[in-house]
Amino acid sequence: MRYGSLLDAIGDTPLVGLPGSSSKPGVRIWAKLEGNNPTGSTKDRIAKQMVEAAEADGSLTHDKIILEPTSGNTGISLAMVSRIKGYRLTVVLPENASEERTQLLELFGAEIIYSPAEKGTNGSIEVANKMAAAEDTYFMPFQYGNQNNPLAHYEGTGAEIVKDLPEVTHFVAGLGTGGTLMGCSKRLREHNADVKIIAAEPELGELVYGLRSLEEGFIPPIFDPEILDRKFLVGSSDALRATRELTEMEGVFAGISSGAVVHAARRIAAELDTGDIVCLLADGGWKYLSTRAWAPEIAEAEKGVSESLWW
Amino acid sequence: MAIKVKVPTIMRKHAGGNASVDAAAATLSALLDDLEANYPGITKNIRSEDGGLHRFINIYVNDEDVRYLGSLDAEIKEGDVISILPAVAGGC
Numbered sequence: 001m002r003y004g005s006l007l008d009a010i011g012d013t014p015l016v017g018l019p020g021s022s023s024k025p026g027v028r029i030w031a032k033l034e035g036n037n038p039t040g041s042t043k044d045r046i047a048k049q050m051v052e053a054a055e056a057d058g059s060l061t062h063d064k065i066i067l068e069p070t071s072g073n074t075g076i077s078l079a080m081v082s083r084i085k086g087y088r089l090t091v092v093l094p095e096n097a098s099e100e101r102t103q104l105l106e107l108f109g110a111e112i113i114y115s116p117a118e119k120g121t122n123g124s125i126e127v128a129n130k131m132a133a134a135e136d137t138y139f140m141p142f143q144y145g146n147q148n149n150p151l152a153h154y155e156g157t158g159a160e161i162v163k164d165l166p167e168v169t170h171f172v173a174g175l176g177t178g179g180t181l182m183g184c185s186k187r188l189r190e191h192n193a194d195v196k197i198i199a200a201e202p203e204l205g206e207l208v209y210g211l212r213s214l215e216e217g218f219i220p221p222i223f224d225p226e227i228l229d230r231k232f233l234v235g236s237s238d239a240l241r242a243t244r245e246l247t248e249m250e251g252v253f254a255g256i257s258s259g260a261v262v263h264a265a266r267r268i269a270a271e272l273d274t275g276d277i278v279c280l281l282a283d284g285g286w287k288y289l290s291t292r293a294w295a296p297e298i299a300e301a302e303k304g305v306s307e308s309l310w311w
Numbered sequence: 001m002a003i004k005v006k007v008p009t010i011m012r013k014h015a016g017g018n019a020s021v022d023a024a025a026a027t028l029s030a031l032l033d034d035l036e037a038n039y040p041g042i043t044k045n046i047r048s049e050d051g052g053l054h055r056f057i058n059i060y061v062n063d064e065d066v067r068y069l070g071s072l073d074a075e076i077k078e079g080d081v082i083s084i085l086p087a088v089a090g091g092c
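Chains A and B, in that order, are what the protein sequence lines are.
In this text, residue positions in the first sequence follow the numbering used here: the first is 1, and each later residue adds one.
In this text, residue positions in the second sequence follow the numbering used here: the first is 1, and each later residue adds one.
In case anyone wonders, no lab produced these hints; they're calculated from the structure.
Virtual Cβ for every residue (Gly too), placed ideally from N, Cα, C.
A portion of the hints provided could be inaccurate.
[Stated by the list, open to error] Covered by chain B, per the in silico footprint, the following chain A stretches (three or more residues, Cβ under 8 Å):
no., stretch
1, 71-83
2, 116-122
3, 161-174
4, 216-222
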């Protein structure tokens with residue numbers, strides 16, 4: 001395949017069967033490898049869509065600085081897009097994000113502002129909102145509230161799944177901004193109204209929940225919980241085990257949220273006699289090597305992952 | 001029926017500082033009543049004004065969100081583990 005620009009090479013990711021992951025012949029589990037995108041995650045899709053939409057409607061011009069709260073992937077994707085299009089970028093990142101994320105952001109030329117680890121992603125959103133309110137030089141795409149986020153998945157990810165696997169019965173994805181679930185569910189259900197949409201939600205560390213009063217609760221504005229059929233909470237330990245099994249059994253090297261998605265998919269598979277379950281694997285394992293997630297001793301891996309921002 | 005309920009940090013003051021407590025009930029609604037009877041104040045913020053679940057609270061039965069299992073009418077049985085967590089943003 002030939003592309004005029006790296007931006008055109010975003011998307012059209014492989015959908016691969018995971019024969020070792022289902023114990024029933026009638027139930028097939030598939031993985032959409034979003035790690036195959038240019039910066040290694042599905043966020044390349046939304047970064048391109050959000051930036052190009054803002055260029056088209058005039059809200060983003062070259063005198064502005066792009067600002068975004070992110071746990072890493074969206075920031076890295078925006079950094080790549082900004083590099084190609086010539087924009088300055090500042091990201092707000094929780095301080096316990098893995099070192100690979102910081103390195104990638106820096107090598108793409110992004111400025112990083114750290115938010116407190118114990119406040120998690122909510123904390124990075126808070127800091128970014130304050131910065132954007134104080135200065136008009138910032139343009140904040142705000143992935144949690146920007147309709148171009150689910151639109152990228154509706155036009156890209158979801159459409160690709162329908163083309164590659166029209167017989168899809170279940171779609172499982174991680175819940176972060178909700179963009180993947182919203183965009184893909186809309187596209188998949190246009191094709192087949194009976195497709196079931198399942199979310200895997202991370203169970204984060206105690207500290208992140210600890211400071212939370214109800215008033216500080218956060219539901220991404222783009223996310224409508226009503227579109228889901230099921231939602232599973234997955235802890236770091238279960239996500240980690242499933243991520244390691246993906247490599248051991250299927251040869252797939254994916255990030256830890258991907259393990260969480262496959263863990264949830266297996267719970268669904270256990271209830272079915274027939275089905276084609278698509279798992280959205282949001283990124284590759286590269287950015288998680290420093291967490292020791294694939295260490296030979298599981299205890300070392302668990303410790304490394306539980307202390308990091310694995311989602 | 002012994003049902004384990006994991007209590008979020010912000011509510012532990014009502015549960016004598018415990019991270020988890022036991023309860024007995026056949027539905028989520030009855031479980032919340034049982035909790036409130038034993039630990040007054042603990043369910044104050046769980047139910048919304050219209051009697052449903054507060055939108056910023058997630059409740060899971062065996063790690064599955066009760067909103068999709070019947071919500072307050074969700075059935076609970078012995079050995080189930082209930083987790084109550086505030087809604088927080090996932091990373092992206």
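Checked hints:
1. 71-83: As far as the stretch 71-83 of chain A goes, the hint holds, because 4 residues have Cβ atoms under 8 Å from chain B.
2. 116-122: holds (count 3)
3. 161-174: With 1 residues closer than 8 Å to chain B, the stretch 161-174 of chain A misses the three-residue bar; violated.
4. 216-222: holds (count 5)
In summary, the one numbered hint that this structure violates is 3.
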